[in-house]
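Trainee: Keeping the supplied structure of chain D fixed, place chain A upon it in accordance with the hints.
Protein chains: 2
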Amino acid sequence: MPRAERRSAPAVGIVGATGMVGQELLALLERRRFPVGSLAAFSSGSFRKSVRFRGRACAAPAPTTAALRRCSLIFFVSADEVSRRLAPALADSGAWVIDDSSAFRLDPKVPLVIPEVNASALRPDRRLVAGPNCTMTGLAVAGFALHEAAEVREVRLASYQAVSGAGRAALLEFFDQAARQRAELRLRGGKAPVPRARKASALPRAIAGNVVPQVGSFDDAGESSEERKVAAELRKIWSAPGLRVSVTAVRVPVVRGHSLAAWLTLRRRLAPAAAAKLLANAPGLRFFRDGYPTPLETAGSDPVYAGRLRPGAAAGELALWIVSDNLLKGAALNSVQIAEELLRRRWLS
Amino acid sequence: MPRAERRSAPAVGIVGATGMVGQELLALLERRRFPVGSLAAFSSGSFRKSVRFRGRACAAPAPTTAALRRCSLIFFVSADEVSRRLAPALADSGAWVIDDSSAFRLDPKVPLVIPEVNASALRPDRRLVAGPNCTMTGLAVAGFALHEAAEVREVRLASYQAVSGAGRAALLEFFDQAARQRAELRLRGGKAPVPRARKASALPRAIAGNVVPQVGSFDDAGESSEERKVAAELRKIWSAPGLRVSVTAVRVPVVRGHSLAAWLTLRRRLAPAAAAKLLANAPGLRFFRDGYPTPLETAGSDPVYAGRLRPGAAAGELALWIVSDNLLKGAALNSVQIAEELLRRRWLS
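Sequence order for the protein chains is D and A. Positions in the first sequence are counted from 1; adding 10 to them yields our numbering. Positions in the second sequence are counted from 1; adding 10 to them yields our numbering.
These are computed hints drawn from the structure, not numbers from a lab. We treat Cβ as the ideally placed atom computed from N, Cα and C, and that holds for glycine.
Derived CB-CB ranges, DEER-like:
1. Lys59(A) with Ser235(D): 46 to 56 angstroms
2. Arg196(A) with Ser103(D): 34 to 44 angstroms
3. Asp102(D) with Gly326(A): 40 to 50 angstroms
4. Glu40(A) with Arg190(D): 27 to 37 angstroms
5. Glu158(D) with Ala231(A): 19 to 29 angstroms
6. Arg196(A) with Arg41(D): 17 to 27 angstroms
7. Leu197(D) with Leu353(A): 29 to 39 angstroms
8. Arg190(D) with Asp102(A): 49 to 59 angstroms
9. Pro293(D) with Ala72(A): 51 to 61 angstroms
10. Arg196(A) with Trp357(D): 39 to 49 angstroms
Okay, chain D solo, but in the shape it has when bound (with noise of 0.2 angstroms):
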């Protein structure tokens, strides 16, 4: 990179640098050569006090005001209410505020981007900008040229959610789960086994060798706070009021990645084949005509994946299964595109 670019690049604060989304946010930063001027990297609880980037070990405090006022681009992965106490503030006094947690992405002054979808939502005065729920991010992308075409009316969803996208106190707790459950993975007289369900803290139930349908908490109407997200930020980065969402949000003992069977109903009619040239076409996406992609095979790579484009139950109705690595596009790689996109447009610097 030229010296005169690298003298104007940003000083970048991350807060949340030490978890599960921080280290892949900082390896991203890394690979694609985003212009850091300087790092300010920030813990939030996690009990690494350091990161490394470019080479160099990076002392992770517990993020203060004071210190995050020095940056002028903050991505925040973390908890809610870290964002909640911190970001408003930074976004005020003139700081870019990426944002991937929960706390902000359905309020009305808040732009909910993806950029590949809905760039166009971004806007000079508007600093705090949040990413996506990492389950809806799949289908926004995949789904959004359907959109464009013919008007997604209903979406009807379920998931395959991998541990990861819980946390690090989860996936540990599944790789335990997981080592302890091998002695159970054999025959038993020809029969086949019946694996115990383990006790479980950092997920509702044991998920090693199991399907679990409760992704956060029920509300009195039956749905997860991980459904009433995926429908209402989809409404929203499609600007879509009137779609109606229904999910069923399934954690599966996977390490990384989303996978989602979708039916979509569309208003116009759209022949399968021209559904299918329009998902070839589609940014940000690689949409299999033959075959399909699975999480293991996709994990640790950039793109949203789809495949098994078919006709549903209803006319107008297409099912797609989709793929994406929940802690690159469902999250650190989106909140670096958002950033890509401040630059791009010349509002960072």
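Mentor: Below, chain A alone, put in the same frame as chain D:
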């Protein structure tokens, strides 16, 4: 059991007794005190050559028509081609044949029966009776009360299917992959790992740490054989030829227990409270008004379980989560229940 009853107990044959479903079937005949006058066990190409029944070892040679002709009740829990080759002639010669394979399920002359749903399809002169696909069984049982009350006209179904449903080789492949993956299940410098996608042969892709949206083989329209079976068999069992069904069948790293995220569109409006009451009273079903079943917690038990009943995306639509043990209600148990129904009617002695 009184001696008189035992004397008239049927001569029972089991083709595929050494397989995983066969082993469950033997255990169920014991546990449910099914009257077995004599037992003739047959393998079908499995490496095991004997089984145990009521404390005794019992040879399990390859099946022959001559040996099977001595049985008055024959369970087929083996491959389609074995049923196709042997079952029709045995039924023609007067034996009751309960076939768990998919060979004859859609044959209009063959009753396809889940006793809680359509025992009425049994007829004394139709001695070849088929049991249904393990994936649709849970839905057929859980949704039937709703169908009777308000007529289901559309079904969307995303499945979370256990590896044991693909047979013993698939299960052993899963166990092997899980053992090899174990060393990779740890954080890498704070980052979530990207486990390796290992080679697969019994299943289309590696299944440990993965979800795979392929069960069976795809047709030209992009539907898998499992998805076609679920749709066609549900229409037959519910006597609902016009039912529109869209399925995404997905294999998950669970040992036993198929789970389903289902959306049912009803012709007549049914309030969720009324639907809950129907489900609470449905035969063969254990309904969770609060909470939900998971496959790990319910594996090895007989009922179909359902929970998370709530409104779906459109008017008159309900969403439901369903779990059942694919080796029990999805296979061996249903076959035994059919035989018990024949006994109850005194069609079999």
